[in-house]
Each structure stands twice: as structure tokens, then as C-alpha cells.
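*Asks:* Protein chains in written order, with UniProt numbering: chain H, 1 to 356; chain X, 1 to 355.
Rather than coming from a laboratory, the hints here were simulated on the basis of the structure.
Don't take every hint at face value.
For the chain H half of the interface with chain X, some residues (derived, Cβ under 8 Å), not all of them [to be verified]:
no., residue
1, L52
2, S83
3, G99
4, N103
5, A105
6, F241
Backbone N, C-alpha and C fix where the C-beta goes; we use that ideal spot for every residue, glycine too.
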Amino acid sequence: MATVKLRDIRKSYGNVDVIKGVDIEIADGEFVVFVGPSGCGKSTLLRMIAGLEDVTSGTLEIDGVRVNDLEPSKRGIAMVFQSYAIFPHMTVRENVAFGLTINKASKAEKEEAVAKAARILQMEHLLDRRPSELSGGQRQRVAIGRAIVRDPKVFLFDEPLSNLDAALRMDMRMEIGKLHQDLGASMIYVTHDQVEAMTLADKIVVLKDGMVMQAGAPMDLYHEPANIFVAGFLGAPSMNFLDVTVHAVNDETVTISNASLDQIDVPHKGRTFTAGQTATLGLRPQYLHPAMGGAGKLHGTVILSERLGSETVIDLALADGSKIIAALAEDSILTPGAATNFDFDPNQAHIFPETR
Amino acid sequence: MASKLTTSNRAGWAFALPGFGLLAMFIVVPFFFAFFLSLTNQRLISPNPTEFVGLDNYRNLLGIRVLSIEPEVNAAGEIVRDETGAPEYPRVRTFTRNNPDYPQYAGMREWFRWHSGDTAKVVVARDVVFWKSLRNTLMFVLVVAPVQGALALGLALLINQRLRAINIYRAIYFMPVVVSIVVVSLLWRFLYAEEGLLNSILHGLSFGMFEGRDWLGDPDTALGAIKAMSIWQAVGFHMVIWLSGLQTISPTLYEASAIEGASKWQTFRYVTWPGLRNTAVLVLIVITMQAFALFAQIDVMTNGGPLDSTTTVVFQAVERGYGKQDISGGAAISVILFLLVLTISLIQRYLTREK
């Protein structure tokens, strides 16, 4: 168990900067998830922590020691790969004990370590099988077992669930969460799946183009996104954005409107606006609801209504031609083509000075 | 009854016909023809009608026995010895020529002998040259298959690195493969000549201690020289096969073993080598078959000599079938070679099977 510190970490391939100065602090025993779209550099960052990629500049510390130039095996890390990376010609037992075999551990030592890992992962019955006889989930379990046997200070996961089918992914997600509780080790987990990020993380680091967009607890990021990117990245269906005009800047709020939105005051949360500028209003689909009998604030036409039972997803066309989505919590019937008015709580809306 | 395939797809069959025809004419028919010929006394050009002779050709080729000869004894019952004290033996031909007491040795010649006490054990064969060719071929395979395979793997590991201009090295190692074996053999004949490059290099390196020798003219070195040259010539081909095997191994396996702290040797042992299993089987079988087919180098460089020290099974098949016009004898040698290679390949397959 250990802390991990990244200070102004950069990575370039020739003239191409991939990681552009990342600062992250990971506390002892913390579960940190790097999340972001493809190509944002999250895997590269993880591989730099693992030692599989060189650090171009900056300082990488594990447990207070600078490890920039240390061999991967000397960093006290264990890594679980997306493709499992288990050795096809070895049995599960040999795979799990691989690190000990490399270090020429005694047979008894190996047996004990394998038994312990197998118990934690509930795979005692798989130990004598070969990887070709295992399902995807079982293979990933073997890879995690191999990581556990290393007894690392930090566990690194590189999209470990991406190759699994949806149902299995949920099971394994819960198991990884439980593993973190049981072992209490620091874990860094890379994913592009926001559900994994939201459910597993103590801290989420949202990355884009090699830069940290925002880092914090999942609910902080969800409720208080620092910018449009984070606001749009977390939450499903993703947040609606409307281009609005700022009419007045008040103490706590700004007054905004557009062609399909009546004038409304939204808290600006300390962001600076000037009257007359164009800004972006963010509305989560879940916080929109039809204005029952009232005039409502947002006016549009229903294009499509998808009824899922537990919720209803409505596609709305607004007067200015843009489309937004509303997710209604109950099974409600809205006829396509009907002009509908929607309402929302201004305190649950987000106003960003930048445009998309 | 005509199946749909044969009736409705005439164009397809028409397109396939030239290929099938050539394959049949030059591979399938000759293959069965060789079996048939090996059971007859057919000669290449002969006015006599072909006769079926059963397995006579095989008997003539493979007939081999061990003859125990007691030393000569004088009237007093003592062993007759020469000046050096070695016992004297009756000549082998007294047993093998016109000796009605030993019909089983009739017509055989001595191949080699060893001594057990004062008794001489003489290996006699109906066709000593064939047996020598068999031994030479096996010795060639036994050395070339492992050495060429291992060297090729070594080269493949070297050129599998990401280095600048690595393609130049790949091209250099592969070049001998694209050059005709006849050209290569001619060039190496010059290298091995008494006034050749090899001797002058060795002379220079040993500060004149090395006198130089006729590599291909000496029965002790001729086959070795051909082995070395053959290994060099085809190593690039097998290097490419190894390389393709190396590139099928997932890079994440190497990363995983790096994280576990595996040394270079451990990485090779636990990741690379197991990943090359199928490639290894392929390379081993291909090299073995190619080595058994050794012919061109012999034909160009030594013609089987000196003293039959470099003659090989294929060389004998050609020599006999066309040189001596004994086409049935040559066919029998081909069939024996076929069975030999088939057996060895099956054994290799069995030994390297997936457990």
C-alpha cells in the first residue's frame, strides 16, 4: 500500500505531445479511476506509472520514492491488462505463481500464495485448467490472481472489463470493488466506461487530450462538473447543452434565455459572465420533466418516445432546431408530434461561459 | 450419379484442369510410377521387355549382414600375427565369393569392421555405396537440422528488435536463400579450394601456422564443409519462418513478464519459446525434409566423392537412375527415401504433439 504522486508528468513521441503535464495525487488505499474518450492518454499514463513507457519529463513517485527510471518489476506495482495477458501454455496455477517462479520461490511458498489468491477470487476449482478452457471472466480472474500474488503496493488495471460481455462485466465490476475493500490496496483503474468509473472510484480523474479536465469524488464530478467536457462525459444519457444568451449577471445567478427557453435565473457558481455573451446551459435529461398544465420554461416538440418501463426517454426538437433528450422517471405517454412544455429546477442546471 | 459440383460448374473445373493436370503429371503419376518401377527390372533404355522382379531391388539395396571372422591359426593352434602383433584374418572375399558354405554372404562387400576380442566383426552389404549414402544423409540431417534451426532462431531474435535499418540486416541474412543453390555451391567450391579464401583467411589468422587443406578433397572434411555451406545457405529462410512465429506472440505477454521481473533468459524460456511451439514443429520438419533431399550441393561440389564420403541418398537415386540407366534401382531408392522421411516426420509429429 502506498501513495502515488504524479507531478507535471509529460510524454512526447517525437514532436507529438501525448501527455501534457498531469498532476495527480493518489492517497494510500485509494481507488482512482482514469476515465476519458479514446486517445485521451489514460492508458499511456497508466503504462508510464507501470514503467512500460518512459516518462518524458516530470516526477513520478510511488511511496515517496522517485521511480521514473526504475524497472517495472522494482516499482511495487502489479498490472491487469485488457487482453488478460495470461500465458496460454501454463495452467492457471502456473500463471498465478508466475512471479514467484521468476523469483525462484520454494514450492511451498508458491502453493500458499496461489491458494490464498484462489480463495480471494473463488477460483480454487480452476487451478489445474489451461487458459483455453476458461471463459473471459475466468481469465481475467486469473490475471487478477497473478497480480494479487505479487502483493503490490499499487494495483494497475488497464480496461480490465472491456473484453467481457455486459452481464459478466457487471459481476466482475462488483468483484473488483469487493477486492479493493478486502485488500485495501491503492488501485488505479483505466476505463472509458463511465459506469465503471462512477461505481468503483473513490476519485475520478477525467482526462482529455493528455490533460486532466477534473479530478474528484464521483458525485462531485457529477453534480459540480468543472467544464462542459466533464459535464457531457459523465451521466447517461449525457447532458443536454443549449446555446443561450446572457441578459444580466446578478450576485448569485445569471439571467439567460433563448428562442425556446423562457428567461430564467441560473446559479453561476462563481463563474464569470458578461451581459450579452453567448453561454452554454447544461441540463441533465433526468432533471427535465413535463410542465403539468403549467406554461413551463422550455418549449419543444416530441419527436420520439422510448418507453423502457422504468423510465421514458423523450427526444425533443426545440424551436431553434436543436434536439435535446429528457429521461422521465416513470412510464409516461407522450405522443410524437405534440408540442410540449418542460420544466426544470434552475439549481440543477449548469451554466458554462464557454461555448461548445 | 453426377453431383451438382461436377455438372453445374464446368467452367470451374475447366479452370482447375491445367493445375490439376500438371500436378497429376509431375507429382501424382511419377509418385505411383516410382512404386511400380521399383518392383521391376526396367532400365532407362533397353531392348529387353520389363519384367516384374518383386522386392529384388530392395534386397539388393538393403541387404546387410555382420560376418564374424576368426583369426588365422597356424598348425600349432596359435593365432598368426603380423609384425605389429595384430592377428591376421582370412580375406573377406573368401566368404563372399563362390563359397557354397556361406550362401547368405554371396556377392556382398565389406563396409566397415570392428573387433570383439580376437574375432573380427565385419559388416558386409550388397550395396555398400547405398549404405554409405544413407549414413552420410543421416549424419547431414543430424547436424544440419538442429544447428540450422537454432541459428535461424538466433538470427530471428536479433532481427526482431526495433532498430534503425533493421531491414538491411534482414535482407543480408535472407539473400543466400534467393541465390540459386547451384551458384552458391560453385562459389563455395572456390572458397573451399586449396588456394581458396578460407585457407588464406585461416593462414592469416593463425600467423602462418595453418598449412591449408583441400576441404572438399579430403574424406574427413568434405561432408563437414558441405554441411557448413548448406546451413549458411538456407538459414535465412528458416529465420523468416521463426520471425513470423515471433511476431504472433502478443506484446502484452512480454509486458506482463517485464512487470513480474523476468530476466531476458526467463522471458525467452517462459514466453517466447512456448509461443513458438507450432513454429518449431514446422521448422524442424521442413529442415529435416530439405536435408534429406540433399543433392545439388553434392552434384556441383563433389559428385559424391572423395571415396563416397559425400554421396547421399538422392544423389544415389539420380546417379543410378540416369547415370547408370538403372531406373528401377533409382526408383527403389526414392521409395526408401520416401518411407524414411515419412517415418521420421511422423515420429517428429508424435514427439512434438500437443499434450
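*Asks:* Indicate, hint by hint, whether the structure satisfies it.
*Replies:* Verification of the hints:
no., hint, verdict
1, L52, "holds (5 Å)"
2, S83, "holds (5 Å)"
3, G99, "holds (4 Å)"
4, N103, "holds (7 Å)"
5, A105, "violated (12 Å)"
6, F241, "violated (38 Å)"
Checked against the numbered hints above, the structure breaks hints 5, 6 and satisfies the rest.
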